[in-house]
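Here's the letter readout for the chains.
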Amino acid sequence: EPEVTQTPSHQVTQMGQEVILRCVPISNHLYFYWYRQILGQKVEFLVSFYNNEISEKSEIFDDQFSVERPDGSNFTLKIRSTKLEDSAMYFCASSERGVTSRTTQAFFGQGTRLTVV
Amino acid sequence: GDSVTQMEGPVTLSEEAFLTINCTYTATGYPSLFWYVQYPGEGLQLLLKATKADDKGSNKGFEATYRKETTSFHLEKGSVQVSDSAVYFCALSDRAFNKFYFGSGTKLNVKP
Chain X
1 EPEVTQTPSH QVTQMGQEVI LRCVPISNHL YFYWYRQILG QKVEFLVSFY NNEISEKSEI
61 FDDQFSVERP DGSNFTLKIR STKLEDSAMY FCASSERGVT SRTTQAFFGQ GTRLTVV
Chain A
1001 GDSVTQMEGP VTLSEEAFLT INCTYTATGY PSLFWYVQYP GEGLQLLLKA TKADDKGSNK
1061 GFEATYRKET TSFHLEKGSV QVSDSAVYFC ALSDRAFNKF YFGSGTKLNV KP
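Keeping their order, the protein sequence lines are chains X and A.
Each residue of the first sequence is one higher than the one before, counting from 1 in this note's numbering.
Each residue of the second sequence is one higher than the one before, counting from 1001 in this note's numbering.
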């Protein structure tokens, strides 16, 4: 079965450093997403990406965050200057069509646990 | 705004026990409702979904019915197995916005 893969599975970084979280979505999918889950809290939407541009972003997704699809296969989330409160599990997802479609299914990766120290 | 509330965990059951995990939602439109499951060390996997009121989603012995009158989508299974031990997330997708709203997750531990 096709799957979304994320690397690394765990990243530890110092406060103020830049991190790039990587995702390889399913090859024929057109919609890409990042979500995060702070320990003990809800899984929160960060950003959706379609046709090489951001289609929607949440309040969390401020100027410190950016996304990119650099080579047609990877989908990355960059945090420019990490803060302690960025520590969370980050999930990448992809879907063939938008999640508002009755027939679509979003596939999630296994997550990257980011720890900012 | 849209939101999902699900019962706190962890839930610990013996094998073959009956499972209910409660989920209620708030939405301004007509959302689709989902249950996702995360097994240890793996990603979120779609377990089942329902796209309109009174629909019942089912998969692997799990069921959930979209109840508009009570704004609920409770997950049930008649006889759980040790292999069902995982974290279960209730979610909705808003028709107007291309994203999910998730609950906080409920960890299920099934003991032999």
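Rather than coming from a laboratory, the hints here were simulated on the basis of the structure.
A portion of the hints provided could be inaccurate.
Simulated pairs of lysine-lysine, DSBU-like, Cα-Cα distance not exceeding 35 Å [what the hints assert, rightly or not]:
no., chain 1, residue 1, chain 2, residue 2
1, A, K1068, X, K57
2, A, K1052, X, K42
3, A, K1111, A, K1060
4, A, K1107, X, K42
5, A, K1107, X, K83
6, X, K78, X, K57
7, A, K1111, X, K42
8, X, K57, X, K42
9, X, K78, A, K1107
10, X, K57, A, K1052
11, A, K1077, A, K1111
12, A, K1111, X, K57
13, A, K1068, A, K1056
14, A, K1056, X, K57
15, A, K1060, X, K42
16, A, K1111, A, K1068
17, A, K1077, A, K1052
18, X, K83, X, K42
19, A, K1077, X, K42
20, A, K1068, X, K42
21, A, K1060, A, K1107
22, A, K1077, X, K78
23, X, K83, X, K57
Here are some of the chain A residues that sit facing chain X, going by a computed Cβ distance under 10 Å [to be verified]:
no., residue
24, L1046
25, E1063
26, G1078
27, F1102
28, N1109
29, P1112
Cβ coordinates follow ideal geometry from the N, Cα and C atoms, glycine included.
Hint by hint, here is what the structure shows:
1. Distance hint between K1068 of chain A and K57 of chain X is fulfilled; the C-alpha atoms sit about 28 Å from each other, no more than 35 Å.
2. Of the supplied pair hints, the one linking K1052 of chain A and K42 of chain X holds, its CA atoms being roughly 24 Å apart against a limit of 35 Å.
3. Restraint check for K1111 of chain A and K1060 of chain A: the C-alpha separation of about 19 Å stays at or below 35 Å, so the hint holds.
4. The straight-line distance between the Cα atoms of K1107 of chain A and K42 of chain X is roughly 13 Å, inside the 35 Å bound, and the hint therefore holds.
5. The hinted pair formed by K1107 of chain A and K83 of chain X meets the criterion: a straight-line CA distance of about 28 Å does not exceed 35 Å.
6. Taking the CA atoms of K78 of chain X and K57 of chain X, the gap is near 14 Å; set against the 35 Å cutoff, the hint holds.
7. With a C-alpha separation of about 26 Å, the suggested pairing of K1111 of chain A with K42 of chain X holds against the 35 Å cut-off.
8. Simply put, K57 of chain X and K42 of chain X have alpha-carbon atoms about 17 Å apart, close enough for the 35 Å limit, and the pair holds.
9. For the hint linking K78 of chain X to K1107 of chain A, the alpha-carbon distance of about 30 Å falls within 35 Å, and the restraint holds.
10. Distance check on the hinted pair: K57 of chain X and K1052 of chain A sit about 26 Å apart at the alpha-carbon level, within 35 Å; holds.
11. Of the supplied pair hints, the one linking K1077 of chain A and K1111 of chain A holds, its CA atoms being roughly 15 Å apart against a limit of 35 Å.
12. A distance of roughly 41 Å separates the Cα atoms of K1111 of chain A and K57 of chain X; the hinted pair therefore is violated under the 35 Å criterion.
13. The hinted pair formed by K1068 of chain A and K1056 of chain A meets the criterion: a straight-line CA distance of about 12 Å does not exceed 35 Å.
14. At most 35 Å may separate the alpha-carbon atoms for a hinted pair to count; K1056 of chain A and K57 of chain X meet this at roughly 31 Å.
15. Only pairs whose Cα atoms come within 35 Å are accepted, and K1060 of chain A paired with K42 of chain X is accepted, the gap being roughly 25 Å.
16. As the CA atoms of K1111 of chain A and K1068 of chain A are separated by approximately 34 Å, the hinted pair is consistent with the 35 Å bound.
17. The hinted pair formed by K1077 of chain A and K1052 of chain A meets the criterion: a straight-line CA distance of about 21 Å does not exceed 35 Å.
18. Only pairs whose Cα atoms come within 35 Å are accepted, and K83 of chain X paired with K42 of chain X is accepted, the gap being roughly 19 Å.
19. Proximity of K1077 of chain A to K42 of chain X is assessed by CA-CA distance (about 23 Å); at most 35 Å being required, the pair is judged to hold.
20. Straight-line distance between C-alpha atoms of K1068 of chain A and K42 of chain X comes to about 23 Å, which keeps the hinted pair within the 35 Å bound.
21. For the hint linking K1060 of chain A to K1107 of chain A, the alpha-carbon distance of about 18 Å falls within 35 Å, and the restraint holds.
22. Of the pairs offered as hints, the one joining K1077 of chain A and K78 of chain X is violated, with about 40 Å between alpha carbons and a cut-off of 35 Å exceeded.
23. Annotation: proposed proximity of K83 of chain X to K57 of chain X holds, straight-line Cα distance about 19 Å (limit 35 Å).
24. Checking L1046 of chain A against chain X: minimum C-beta separation of about 6 Å stays under 10 Å; hint holds.
25. A distance limit of 10 Å between C-beta atoms decides the matter here; for E1063 of chain A the minimum to chain X is near 18 Å, and the interface restraint is violated.
26. With 10 Å as the threshold, the beta carbon of G1078 of chain A stays out of range of chain X, its nearest partner Cβ sitting at about 25 Å, so the hint is violated.
27. With a least beta-carbon distance of about 4 Å to chain X, the hint placing F1102 of chain A at the interface is held under the 10 Å criterion.
28. With a least beta-carbon distance of about 17 Å to chain X, the hint placing N1109 of chain A at the interface is violated under the 10 Å criterion.
29. Below 10 Å, beta-carbon pairs count as interface contacts, and P1112 of chain A has none with chain X, the closest being about 26 Å; its hint is therefore violated.
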